[in-house]
Amino acid sequence: EIVMTQSPATLSVSPGERATLSCRASQSVSTYLAWYQHKPGQAPRLLIYGASTRATGIPARFSGSGSGTEFTLTISSLQSEDFALYYCQQFNNWPLTFGGGTKVEIK
Amino acid sequence: QVQLVESGEGVVQPGGSLRLSCAASGFTFSSYGIHWVRQAPGKGLEWVAFIPYGGNNEYYADSVKGRFTISRDNSKNTLYLQMSSLRAEDTAVYYCAKDAHPYGSGTQYFDYWGQGTLVTVSS
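Note that the protein sequences, when read in sequence, are chains A and B.
Mapped onto this note's numbering, the consecutive letters of the first sequence carry residue numbers 1 to 107.
Mapped onto this note's numbering, the consecutive letters of the second sequence carry residue numbers 1 to 123.
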């Protein structure tokens, strides 16, 4: 099983600042990586797939990069609605696996 | 618009059984693989099971293999998860989630999710 490790567990950021979230895979997943945003009581929302392609309707302030084992999700200027949990997920191998999540909170 | 609506929420004793359903609308259900993903209280997301568009060749997480069965009825646009031999660690919100691409294209990430249904395993 591919283990996905996200860091940091919690990121405290002021509105308008940049947030950089990391995701590491225990073995290469090429670019078969997705990022999701999850708010309490809501359905998770797809942000990025293929490591760097924004999903439909996702604002340009969200960007993804990386390949192999190291990936980054960047939110260029945090808006109030961006404070949430973020998960990476690999789809290179079964079983599909998620990272433990990064909580982006207001500083 | 795409909708996935889970049902079957309940409290069940350890060792018991429960069946979850996921009613789909707004897309050609029979063309897409569908997954179950869960979130235990205070924990992250955990993928549980997958069924391809045609209903054969399911995949399961090791934690549920042999206890859970995923199935679908394409005539009813409905996904199911039959859960048996339930354990306390199966307590979670269960989401159904749709593959982003049709016909088993090998890219299993999820473009739409339901709101989830809560399963509590407790004596």
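Source of the hints: derived by calculation from the structure; they are not laboratory data.
Warning: the hint list may mix true and false statements.
Interface residues of chain A toward chain B, partial, derived using beta-carbon atoms under 8 Å [said to hold, decoys possible]: (1) Tyr49; (2) Tyr87; (3) Gln89; (4) Trp94; (5) Pro95; (6) Gly101.
So these bits of chain A aren't anywhere near chain B, every CB distance computed over 12 Å [what the hints assert, rightly or not]: (7) Gln42; (8) Ile48; (9) Ser76; (10) Phe83; (11) Glu105; (12) Lys107.
In this text, a Cβ means the ideal position worked out from N, Cα and C, and glycines have one as well.
| message | For the restraint on Pro95(A), tell me whether the closest CB of chain B is nearer than 8 Å. | response | 5 Å, holds
| field | Assertion that Glu105(A) lies outside the chain B interface [Cβ separation over 12 Å] | value | 16 Å, holds
| task | With a cut-off of 8 Å on the beta carbons, see whether Gln89(A) makes it to chain B. | result | With a closest approach of 6 Å, the Gln89(A) hint holds.
| field | Interface exclusion of Ser76(A) relative to chain B, criterion Cβ beyond 12 Å | value | Non-interface label on Ser76(A) holds, nearest chain B Cβ at 23 Å vs cutoff 12 Å.
| request: Answer holds if the nearest beta-carbon of chain B is closer than 8 Å to that of Tyr87(A); otherwise answer violated. | output: 5 Å, holds
| Non-interface claim for Gln42(A) versus chain B (Cβ beyond 12 Å) | Given a closest Cβ separation of 7 Å, the condition is violated.
| field | Cβ separation check - Ile48(A) to all of chain B, threshold 12 Å | value | 9 Å, violated
| Is Lys107(A) truly not at the interface, in the sense that its beta carbon sits beyond 12 Å from all beta carbons of chain B? | 23 Å, holds
| task | Would you settle whether the hint for Tyr49(A) is holds or violated, based on the nearest Cβ-Cβ distance to chain B being less than 8 Å? | result | Since the shortest Cβ distance to chain B is 5 Å, the answer is holds.
| said: Confirm or reject: Phe83(A) is not an interface residue toward chain B, with every Cβ-Cβ distance exceeding 12 Å. | reply: Since the minimum Cβ distance to chain B is about 17 Å, Phe83(A) lies beyond 12 Å and the statement holds.
| said: Restraint: Gly101(A) near chain B, CB-CB cut 8 Å. Satisfied or not? | reply: At 4 Å from the nearest chain B Cβ, Gly101(A) passes the 8 Å test, so the hint holds.
| Interface restraint verdict for Trp94(A) against chain B (beta-carbon cut-off 8 Å) | 5 Å, holds
Of the numbered hints listed earlier, those contradicted by the structure are 7 and 8.
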